[in-house]
Structure formats: structure tokens, C-alpha cells
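All chains, full assembly: derive it from the sequences and hints.
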Amino acid sequence: MPKTILVGQLEKRAPSGPVRKWKKRCFCLKDDLILRYFEGETLKGTIDLRDILTCEGETNSPNFQIVTAKRIFELRAKNAEDKDYWITGINKLLNTSKE
Numbered sequence: 001m002p003k004t005i006l007v008g009q010l011e012k013r014a015p016s017g018p019v020r021k022w023k024k025r026c027f028c029l030k031d032d033l034i035l036r037y038f039e040g041e042t043l044k045g046t047i048d049l050r051d052i053l054t055c056e057g058e059t060n061s062p063n064f065q066i067v068t069a070k071r072i073f074e075l076r077a078k079n080a081e082d083k084d085y086w087i088t089g090i091n092k093l094l095n096t097s098k099e
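If you read the sequence shown in full-length UniProt numbering, its first letter stands for residue 1, the second for the next number, and so on.
Accuracy of the hints is not assured; some may be wrong.
Pairs of lysine-lysine residues, derived as BS3-like cross-links and limited to a Cα-Cα distance of at most 25 Å, are as follows [as the list claims (entries may be wrong)]: (1) Lys98 / Lys23; (2) Lys12 / Lys92; (3) Lys78 / Lys21.
Keep in mind that the hints were calculated from the coordinates and are not lab data.
What follows is the structure, encoded as C-alpha cells:
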């Protein structure tokens with residue numbers, strides 16, 4: 001059973017459409033390299049971090065991106081400190097899995 005690494009609320013921007021709104025989601029990162037996001041108890045989607053190209057954020061901003069081979073995920077934390085927490089956690093897990 002995968003171990004939970006990070007859990008928390010982030011906002012995810014819609015990938016397409018005339019108005020790309022931010023939607024609050026609960027995110028759960030597990031050591032199986034799958035980042036899951038939920039609306040309430042309902043799983044809304046996953047981000048397979050095995051396909052990640054980059055995970056980086058804007059300086060002094062709560063916004064960051066996870067870029068995979070298939071898609072760019074635009075995310076926003078409560079603040080820049082929370083953003084750094086998520087980016088550090090994701091990158092640490094990726095580095096650990098490569099060892």
C-alpha cells in the first residue's frame with residue numbers, strides 16, 4: 001500500500017475552455033509517484049509524476065507548474081511558503097525514487 005507523503009489543499013486551473021477558472025482541490029501525494037486530487041471524497045484526477053519534466057514555481061508567488069510529457073498542470077497554493085513546501089516535497093520524492 002502506498003505511503004502518504006503530502007496532503008493539502010491547492011487550487012488547480014482548468015486546462016482549457018473560454019474561462020480557465022481556478023478550482024479548489026484536496027491533493028494527496030503518495031510514494032507510488034501518483035499525485036491524486038479530489039473534490040470532497042470524489043477522485044477528480046491524477047498526475048503521474050513518473051512522466052514529470054519539471055516542477056517549478058514563480059518567485060514570491062503561490063503559483064507553480066507541474067509539467068509532464070502529456071500536460072501542464074497549473075497549481076496555486078495558499079501562499080509562497082506552501083508552494084515551496086509542495087515543490088520541495090515533490091522533488092524530494094522524485095530524487096529518492098531515482099536512487
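| message | Tell me if the straight-line CA distance from Lys12 to Lys92 falls inside 25 Å. | response | With Cα atoms ~21 Å apart, Lys12 and Lys92 stay inside 25 Å; holds.
| query | When you check the alpha-carbon spacing of Lys78 and Lys21, does it fall within 25 Å? | reply | holds, 16 Å
| CA of Lys98 to CA of Lys23, is that 25 Å or under? | violated, 32 Å
The structure shown violates just one earlier hint, number 1.
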